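2 protein chains.
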Amino acid sequence: MGRWEPDSRGRLERAALELYSERGFENTTVAEIAERAGLTERTFFRHYADKREVLFAGGESFQDLVVAAIADAPASLPAIDAVGLGLAAAAALLQERRAFARRRHMIIAANAELRERELIKLASLSAAIAETLHRRGLSDPAASLTAEVAIAVFRVAYDRWIEASDAEDFRQIIRGSLDELKAQMGAQPVAAG
Amino acid sequence: MGRWEPDSRGRLERAALELYSERGFENTTVAEIAERAGLTERTFFRHYADKREVLFAGGESFQDLVVAAIADAPASLPAIDAVGLGLAAAAALLQERRAFARRRHMIIAANAELRERELIKLASLSAAIAETLHRRGLSDPAASLTAEVAIAVFRVAYDRWIEASDAEDFRQIIRGSLDELKAQMGAQPVAAG
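These protein sequence lines are chains R and H, in that order. FYI, our numbering numbers position 70 of the first sequence as 70, with every residue one higher than the one before it. FYI, our numbering numbers position 183 of the second sequence as 183, with every residue one higher than the one before it.
Source of the hints: derived by calculation from the structure; they are not laboratory data. Please note that the accuracy of each hint is not assured.
Taking lysine-lysine and the DSSO-like style, the derived pairs with C-alpha atoms no more than 30 Å apart in a straight line are [stated by the list, open to error]:
#: 1; chain 1: H; residue 1: 121; chain 2: H; residue 2: 182
#: 2; chain 1: R; residue 1: 51; chain 2: H; residue 2: 121
#: 3; chain 1: H; residue 1: 182; chain 2: R; residue 2: 121
#: 4; chain 1: R; residue 1: 121; chain 2: H; residue 2: 121
#: 5; chain 1: R; residue 1: 182; chain 2: H; residue 2: 51
#: 6; chain 1: R; residue 1: 51; chain 2: R; residue 2: 121
#: 7; chain 1: H; residue 1: 121; chain 2: H; residue 2: 51
#: 8; chain 1: R; residue 1: 51; chain 2: H; residue 2: 182
#: 9; chain 1: R; residue 1: 182; chain 2: H; residue 2: 182
#: 10; chain 1: R; residue 1: 182; chain 2: R; residue 2: 121
Small disclaimer: the values here were computed from a predicted structure and weren't measured.
Build out the structure end to end from the sequences listed, making use of the hints.
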């Protein structure tokens with residue numbers, strides 16, 4: 001089994017997600033994932049620190065992508081629209097991996113430890129966005145508020161995308177959510193009904 | 001020890017927060033809390049299910065207060081401003097318990113399990129706000145977006161309040177944060193620097 005295994009990382013990821021979906025994250029062992037993938041446990045641990053990391057391994061490069069898009073946005077762009085470019089970059093990445101993202105979502109929703117981990121990941125993304133806005137010259141509380149709102153828009157759009165038909169593109173949903181929020185924030189009082 | 005103990009709940013709460021601050025949440029036992037309060041473990045368990053609940057017992061009535069303020073807001077008020085009234089009610093409650101809130105914040109910040117619990121509590125509050133906005137006739141994604149933004153404003157204002165001098169009132173910080181966010185959301189592009 002010491003020989004080179006083509007796409008072993010992809011095979012482990014697919015095997016893990018199948019097993020987590022079939023029997024639950026908590027009832028799946030690394031040995032079972034390796035067996036389903038036709039690989040050894042040793043190969044698993046060359047790619048992932050533990051079975052949770054199969055679900056969260058992409059988190060760091062995801063955050064880097066969002067932060068880079070915001071940092072590279074024209075200086076003339078309002079912060080909320082720079083953040084919109086960051087979210088669009090995130091949406092484009094997830095759109096490419098739609099089947100994985102949907103399956104991953106169902107697995108995480110079914111397990112409290114994983115839900116908590118996901119919440120913490122989003123809190124970390126919010127802090128990274130605020131830091132990027134600081135470097136663009138925005139002070140607090142505006143930077144932190146805009147970062148938290150970015151996460152809010154992402155979460156709501158993400159939930160909608162997960163439920164949506166295959167025809168709906170995540171980038172369009174993100175853009176629609178941001179426009180909707182701008183409309184809500186600028187809403188004027190209407191006559192009482 | 002079977003006799004009536006005046007303000008036993010308050011004494012247990014103060015003893016618990018002292019001990020969590022001194023030696024950490026994870027290194028404190030219920031027996032030690034009861035002893036510090038001059039009460040029995042049995043009395044502790046009449047008031048709290050476990051030592052974590054001392055920190056989270058107020059969460060349900062806190063959520064009810066926010067939801068009631070939003071539900072009672074005039075129908076003519078835009079959703080974001082109805083939500084602003086909910087946040088103002090929350091801020092008024094916390095302002096009254098400032099010393100407790102600050103100490104509680106430090107304890108939670110020092111423990112991963114408690115931080116996760118706090119994040120989940122805020123996610124639950126967001127869902128309750130969205131549901132209240134639905135009942136006011138707002139559809140999705142506007143309702144979910146506005147609810148998530150309410151949580152965003154609350155989190156940022158809360159962090160600022162915890163760090164602020166005693167002279168700063170939480171309600172004013174909430175109002176200032178909401179106004180700042182409205183300004184950010186309505187910002188127009190400026191000439192590149």
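Verification of the supplied hints:
Annotation: proposed proximity of residue 121 of chain H to residue 182 of chain H holds, straight-line Cα distance about 26 Å (limit 30 Å). A threshold of 30 Å between alpha carbons decides the hint, and for residue 51 of chain R with residue 121 of chain H the separation of about 27 Å falls inside it, so the pair holds. As the CA atoms of residue 182 of chain H and residue 121 of chain R are separated by approximately 26 Å, the hinted pair is consistent with the 30 Å bound. Taken as a hint, the residue 121 of chain R and residue 121 of chain H pair is honoured in the structure, with Cα atoms around 16 Å apart against an allowance of 30 Å.
The straight-line distance between the Cα atoms of residue 182 of chain R and residue 51 of chain H is roughly 43 Å, outside the 30 Å bound, and the hint therefore fails. Note on residue 51 of chain R and residue 121 of chain R: the hinted pairing holds, with a Cα-Cα distance of about 17 Å set against a maximum of 30 Å. For the hint linking residue 121 of chain H to residue 51 of chain H, the alpha-carbon distance of about 17 Å falls within 30 Å, and the restraint holds. The suggested pairing of residue 51 of chain R with residue 182 of chain H is violated, with an alpha-carbon distance near 43 Å, which exceeds 30 Å.
With a C-alpha separation of about 9 Å, the suggested pairing of residue 182 of chain R with residue 182 of chain H holds against the 30 Å cut-off. The straight-line distance between the Cα atoms of residue 182 of chain R and residue 121 of chain R is roughly 26 Å, inside the 30 Å bound, and the hint therefore holds.
Checked against the numbered hints listed earlier, the structure breaks hints 5, 8; every other hint is satisfied.
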